[in-house]
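On the provided structure of chain A, position chain B as indicated by the hints.
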Amino acid sequence: MSYLLELNQITKTFGDLVANDHVTVKVKEGSIHSIVGENGAGKSTLMNVLYGLLKPDGGEIILRGKKMTFTSPLDSIAAGLGMIHQHFMLIPTMTVLDNIILGYEIGSFKLNRKQSRKELEPLFESFGLEFSLFDTKLGELPVGLQQKIEIIKALYRKASLIVFDEPTAVLTPQEIEEFFILVNKLKAEGKTILFISHKLNEIMEISDEVTIMRAGKVVDCVQKSDVNEEILAKLMIGRDLVEQKVTFRENNNEPIIQVQGLETEVKLGSTPLKKLAFEVKKGEVFGVAGVAGNGQTELVNILVGTQFPLAGHVIINGTEVTRVPSHKRTQSMAYIPEDRQTEGLIMPLSISKNMILGKVDLPQFIRHKIFLNFKNINENAQKAVNDYSIKVSSGIHDPLKSLSGGNQQKVIVARELNDEPEIILAVNPTRGIDIGSIEYIHSCIIAEREKGKTVLLISNELSEIMALSDRIGIIHDGQITKILDNNGVTKEQIGFYMLGGKDEEKTGEVVAG
Amino acid sequence: MKIRVPKSAVFSILSVLAALLIGAVIILINGENPVTVYYCMIVQPLSSVNNLLNVFYVMTPLMMTGLAFIVASKASMINLGLEGQLLLGALAAAWVATLFPALPWYLYIPLIMIIAMVVGALWGLLPGILKLRFGASEIVTTIMLNYVAQFFINFIISGGYFKHPDIEQRTPYILENAHMASLSEMGTAMGIKTFRGVQLNAMFIVAIICVFLVYILLEKTKWGYKINAVGLNLKASTANRMSAKKIMLCAMALSGAIAGIAAMGEVLGTFNGVIEGFSPGYGFSGISVALLGRSHPIGIILGGLFFGIMNQGMMYINANTSVPKDFVKVLQTLIIIFIVLSPYFESKWEKFREKSSHAKEAKAV
Chain A
1 MSYLLELNQI
11 TKTFGDLVAN
21 DHVTVKVKEG
31 SIHSIVGENG
41 AGKSTLMNVL
51 YGLLKPDGGE
61 IILRGKKMTF
71 TSPLDSIAAG
81 LGMIHQHFML
91 IPTMTVLDNI
101 ILGYEIGSFK
111 LNRKQSRKEL
121 EPLFESFGLE
131 FSLFDTKLGE
141 LPVGLQQKIE
151 IIKALYRKAS
161 LIVFDEPTAV
171 LTPQEIEEFF
181 ILVNKLKAEG
191 KTILFISHKL
201 NEIMEISDEV
211 TIMRAGKVVD
221 CVQKSDVNEE
231 ILAKLMIGRD
241 LVEQKVTFRE
251 NNNEPIIQVQ
261 GLETEVKLGS
271 TPLKKLAFEV
281 KKGEVFGVAG
291 VAGNGQTELV
301 NILVGTQFPL
311 AGHVIINGTE
321 VTRVPSHKRT
331 QSMAYIPEDR
341 QTEGLIMPLS
351 ISKNMILGKV
361 DLPQFIRHKI
371 FLNFKNINEN
381 AQKAVNDYSI
391 KVSSGIHDPL
401 KSLSGGNQQK
411 VIVARELNDE
421 PEIILAVNPT
431 RGIDIGSIEY
441 IHSCIIAERE
451 KGKTVLLISN
461 ELSEIMALSD
471 RIGIIHDGQI
481 TKILDNNGVT
491 KEQIGFYMLG
501 GKDEEKTGEV
511 VAG
Chain B
1001 MKIRVPKSAV
1011 FSILSVLAAL
1021 LIGAVIILIN
1031 GENPVTVYYC
1041 MIVQPLSSVN
1051 NLLNVFYVMT
1061 PLMMTGLAFI
1071 VASKASMINL
1081 GLEGQLLLGA
1091 LAAAWVATLF
1101 PALPWYLYIP
1111 LIMIIAMVVG
1121 ALWGLLPGIL
1131 KLRFGASEIV
1141 TTIMLNYVAQ
1151 FFINFIISGG
1161 YFKHPDIEQR
1171 TPYILENAHM
1181 ASLSEMGTAM
1191 GIKTFRGVQL
1201 NAMFIVAIIC
1211 VFLVYILLEK
1221 TKWGYKINAV
1231 GLNLKASTAN
1241 RMSAKKIMLC
1251 AMALSGAIAG
1261 IAAMGEVLGT
1271 FNGVIEGFSP
1281 GYGFSGISVA
1291 LLGRSHPIGI
1301 ILGGLFFGIM
1311 NQGMMYINAN
1321 TSVPKDFVKV
1331 LQTLIIIFIV
1341 LSPYFESKWE
1351 KFREKSSHAK
1361 EAKAV
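Protein chains in written order, with our numbering: chain A, 1 to 513; chain B, 1001 to 1365.
Looking at chain A on its own, in the form it has when it is part of the complex:
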């Protein structure tokens, strides 16, 4: 088999940062080749070089034996490259058909949609899509389907090499399954796939070959059959991972968070809660597992007081707070939000100023009632940077956006755990960050549990829920459908409920609860 694509000794630097240091990747024709690495390992830079968005400082791109110079994505598309970005390059207000033909319209003056449509019909058929979709507004489709449209768009442009950049990050587990089937189908049709990811289980599931990157360099290139997840993880982060798992302990404490009969209104694009109820006992880690979009967002908004339910109660520490807006809540509950950049941090502000977000009224941060106490604010930030080993480039006055995702998340964790809150609400606390930081944040949550603090963990990562929780509640379609002790339950059991399974359908099996 020959190489379809060779990236030879690609080097790209940004100032002092060497994002790609003589990176060489060779992709065989008709194979699924994965590039794996932590955030910041240089994967995205490499892909942007390949796609013509960045000009490399050195090295060459060889496609089908020919040296190529891509100065813009137009060149790379013309050469047969299709790039599926993590954030789709589609226009939600336009129809599916218009999205696909955009830039490749037929007709010299009058747009010949009919012709394009005819050409696209076989493609749609092979993807098992209804033709009626052509006229649907793209924004009305679920994310998984939008991704398919993005793939069809690439194929319509005659792509023979398709690059997927973190394609599963936006998909639900079911959609991920479908996606893998699709990728294998593309491979069977002779397409070559370049798959960029940091999720090892996915890499192991679909790759033929894996190139591992770390800190801008290629560490190794291996056959999938020669390795397993642990070996890959070790290559990727450069050391062994510490297995973290709490052992279940019996807890007969009083409930400290009581959620009763929550209901929210039916709104487009959100899942209404339907008499959602659960209790979290003092000193336990309660995990809420579920496929994204089953009411988690609404539940979190109600818990932090940015949204009020139609009916139901939230009682925290014996006080009803259901209709207390967030700015009137006391500081007793720490909140680690799902989307750190929009909800947890103010990116242009400095690290030290982000460390007092939501705490600026606390006496230690002010002087004479109204003035900011910069001495204490800076000391507080410096302590957090040291204690949580937050990697900063020059210091606590750096703007927050200069930090990597993992370190940004550490800033939130440091801020929220700083003043010993009794209750911690963590929502997807490790989404999109590198393994090292995930490990660290998990250890923080476990440490809080050991201190007797209560943690409510809402996460889409089942492995995270299973590693950290004492009890697991499963959320499905706006309800907590099942609560299990994390004492010997399996992924499959939880997965069954996550997908909407009910006890009576599952005869003959006893589930703890």
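To be clear, the hints were calculated from the coordinates, so they are not data collected in a lab. Check the hints yourself; a few may be wrong.
Claimed, not checked - To be clear about the criterion: a stretch of chain B counts as covered by chain A if any three or more of its residues have a C-beta under 8 Å from a C-beta of chain A, and this derived list gives those stretches: (1) 1212–1222; (2) 1234–1241.
Said to hold, decoys possible - Keeping only pairs whose Cα atoms sit at most 20 Å apart, straight-line, the calculated PhoX-like set for lysine-lysine is: (3) Lys359/A with Lys1351/B; (4) Lys28/A with Lys187/A; (5) Lys401/A with Lys1325/B; (6) Lys401/A with Lys1351/B; (7) Lys1246/B with Lys375/A; (8) Lys1246/B with Lys401/A; (9) Lys451/A with Lys281/A; (10) Lys328/A with Lys1220/B; (11) Lys375/A with Lys1220/B; (12) Lys491/A with Lys502/A; (13) Lys55/A with Lys1220/B; (14) Lys328/A with Lys1235/B; (15) Lys328/A with Lys1222/B.
Unchecked claim - Simulated restraints, written as ranges between beta carbons of each label pair: (16) Trp1349/B with Lys55/A: 51 to 57 Å; (17) Glu140/A with Pro1343/B: 53 to 59 Å; (18) Val1148/B with Glu140/A: 40 to 46 Å; (19) Arg1196/B with Ser393/A: 54 to 60 Å; (20) Phe248/A with Ile1216/B: 51 to 57 Å.
Built from N, CA and C at the ideal position, the CB exists for glycine as well.
Relative to the frame of chain A, chain B by itself:
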């Protein structure tokens, strides 16, 4: 000692230079010598102490409205209604200044200012409420409310509800004890002729104090922290126990209050009341000053100074050259266009610097 000039200031200066360059071409087309025109525009307003003092007088309302604009914009509210807030503040002041002949000036003038601030604040609050309660864009409502304010004043004066008995298109003269004396008047009272023709009054000092108070508010207090936080990331601020709506409304009210007293130097000083159309668009020039000053209080002083010089320069251009004085307005517009373009050049410059530092390293290796 090496003084570090912030990058944003450098690009403001470059924007001005670029505008002057294009302005020079326009002057040449007009058949005049750019050097002469720019001499009239920039050097003559600074050619004597009295001229400079008059520049201070002219820049005062611009500093105030510029300041008002940045207070709102820090909370992500675009207050284009400064003109209306200024006008209504002025009208309220002109009215209150006719009421209490017995009050001593040191109580009366502050009282007038407080009332002007309250009126400006309420007029600023209105679009804030319309936005937060009904979702109406403040960019539209503030502009529209300018017209409401302007025509309301015309109605009040022309309708005879509050009008000078003998002179058309103006309110009655304010009381003696509400008057802010100009340097020229003070000089005359003391029998010195040095400051003849200088219209500068105490409002300039009030404006400078306001600049520093706003600087302290925005940079050093918890309220300023909250205003900045809400303006930069509304969602994160709400999620972190801040009452974003309240903070945005406060910022709008404060912005309106500052705009409300922006023209006190004119109302209580030069004109002794409100004259229809007395503001040559101070509210809008303030936005330009805020942009030129890069939304920084200190930048406001410098931006205001430059606009003040240019506005004074109009007079000299008119007197000494054949270029129409509106040329200055063209120039001011060009400056703003370049300021708005400058982020593009800033990012280019960053990239260039990155490359050159990289090249240096390569050489060193």
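Query - Violated constraints from the hint list, given by number and in increasing order - result: 3, 5, 7, 8, 10, 13, 16, 17
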